[in-house]
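Starting from the given sequences, assemble the full structure and let the hints guide the process.
Residues per chain, in single letters:
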Amino acid sequence: DAGVTQSPTHLIKTRGQHVTLRCSPISGHKSVSWYQQVLGQGPQFIFQYYEKEERGRGNFPDRFSARQFPNYSSELNVNALLLGDSALYLCASSLSGGETQYFGPGTRLLVL
Amino acid sequence: QKEVEQDPGPLSVPEGAIVSLNCTYSNSAFQYFMWYRQYSRKGPELLMYTYSSGNKEDGRFTAQVDKSSKYISLFIRDSQPSDSATYLCAMSVNPSWGKLQFGAGTQVVVTP
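Read top to bottom, the protein sequences are chains L and P. Be aware that the first sequence starts at 1, since it is given in the numbering used here, and climbs by one per residue. Be aware that the second sequence starts at 1, since it is given in the numbering used here, and climbs by one per residue.
A couple of the hints might just be wrong.
Claimed, not checked - No farther apart than 30 Å at their CA atoms in a straight line, the calculated lysine-lysine pairs in the DSS-like style are these:
{"id": "1", "chain 1": "P", "residue 1": "K2", "chain 2": "P", "residue 2": "K99"}
{"id": "2", "chain 1": "P", "residue 1": "K99", "chain 2": "L", "residue 2": "K13"}
{"id": "3", "chain 1": "P", "residue 1": "K42", "chain 2": "P", "residue 2": "K56"}
{"id": "4", "chain 1": "P", "residue 1": "K99", "chain 2": "P", "residue 2": "K42"}
{"id": "5", "chain 1": "P", "residue 1": "K99", "chain 2": "P", "residue 2": "K70"}
{"id": "6", "chain 1": "L", "residue 1": "K30", "chain 2": "P", "residue 2": "K42"}
{"id": "7", "chain 1": "P", "residue 1": "K56", "chain 2": "P", "residue 2": "K67"}
{"id": "8", "chain 1": "P", "residue 1": "K70", "chain 2": "L", "residue 2": "K52"}
{"id": "9", "chain 1": "P", "residue 1": "K70", "chain 2": "P", "residue 2": "K56"}
{"id": "10", "chain 1": "L", "residue 1": "K13", "chain 2": "P", "residue 2": "K56"}
{"id": "11", "chain 1": "P", "residue 1": "K2", "chain 2": "P", "residue 2": "K67"}
{"id": "12", "chain 1": "L", "residue 1": "K52", "chain 2": "P", "residue 2": "K99"}
{"id": "13", "chain 1": "P", "residue 1": "K56", "chain 2": "L", "residue 2": "K52"}
{"id": "14", "chain 1": "L", "residue 1": "K52", "chain 2": "L", "residue 2": "K13"}
{"id": "15", "chain 1": "P", "residue 1": "K56", "chain 2": "L", "residue 2": "K30"}
{"id": "16", "chain 1": "P", "residue 1": "K56", "chain 2": "P", "residue 2": "K99"}
{"id": "17", "chain 1": "P", "residue 1": "K70", "chain 2": "P", "residue 2": "K42"}
Quick caveat, the hints were computed from the structure, so don't treat them as lab data. All of these numbers come straight from a predicted model, not from anything done at the bench.
Structure, rendered in structure tokens:
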């Protein structure tokens, strides 16, 4: 069975650019959450979506946005990239919420 | 003060030893507690999930929760070199919400 998939695996951008990261949840899972993990730290919650509705938002600026599609896949968009946005972006899926979340391999973003 | 505190290590143990990991937290509303294992440049993998106080055992892994002390632990018996990874504690208030609060992670090195 396929787990959570994310694309691309790696990405290099320059300051001020825009980036779109993609996530496909485990088949049957309807909830997707996004996390940012800076090197040496634990993941920080960005968003949760369930049935295409935003269920939760972490303490991130409005430059960060996301959406969930009818097939439950999701996109994370980041505008006006800053050097500090360099991190591993993780997507997690769960059946309906948060009790058992399965993480994808992440997208490693480097902002120069 | 961070909501979840975890010693970053590194924690080095010889093969076969017991690995002892712990986290403390400040938010008494946390009800659900998890331990994830993360290999270098990979996404976190769920190891243990517990609810409220008590012990839970799964193979070589034992998770303990002491809500009165706001303290959780993970023990790994008969440690193997393949257990070398970063171990992240995570917790949430409500399983319906995707927001997990992570510790910074403890790097564990098991030497042959």
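Do the hints match the structure? See the list:
1. A C-alpha spacing of about 15 Å is found between K2/P and K99/P, which places the hinted pair at or below 30 Å, so the restraint holds.
2. Restraint check for K99/P and K13/L: satisfied, since their Cα atoms lie roughly 28 Å apart, inside the 30 Å limit.
3. A C-alpha spacing of about 26 Å is found between K42/P and K56/P, which places the hinted pair at or below 30 Å, so the restraint holds.
4. This hinted pair checks out: K99/P and K42/P have alpha carbons roughly 20 Å apart, not beyond 30 Å.
5. The suggested pairing of K99/P with K70/P holds, with an alpha-carbon distance near 19 Å, which does not exceed 30 Å.
6. A distance of roughly 23 Å separates the Cα atoms of K30/L and K42/P; the hinted pair therefore holds under the 30 Å criterion.
7. Restraint check: the Cα-Cα separation between K56/P and K67/P comes to about 14 Å, which is no more than 30 Å; the hinted pair holds.
8. Of the supplied pair hints, the one linking K70/P and K52/L is violated, its CA atoms being roughly 35 Å apart against a limit of 30 Å.
9. Distance check on the hinted pair: K70/P and K56/P sit about 17 Å apart at the alpha-carbon level, within 30 Å; holds.
10. Restraint check: the Cα-Cα separation between K13/L and K56/P comes to about 44 Å, which exceeds 30 Å; the hinted pair is violated.
11. Distance hint between K2/P and K67/P is fulfilled; the C-alpha atoms sit about 17 Å from each other, no more than 30 Å.
12. Using a Cα cut-off of 30 Å, the hinted pair K52/L and K99/P holds, with the two alpha carbons roughly 17 Å apart.
13. Between K56/P and K52/L the alpha-carbon distance is near 35 Å, which puts this suggested pair outside the 30 Å criterion.
14. Between K52/L and K13/L, the direct Cα distance comes to roughly 28 Å. Compliance with the 30 Å bound is thereby established for this hinted pair.
15. Between K56/P and K30/L the alpha-carbon distance is near 28 Å, which keeps this suggested pair within the 30 Å criterion.
16. Proximity of K56/P to K99/P is assessed by CA-CA distance (about 23 Å); at most 30 Å being required, the pair is judged to hold.
17. Taken as a hint, the K70/P and K42/P pair is honoured in the structure, with Cα atoms around 29 Å apart against an allowance of 30 Å.
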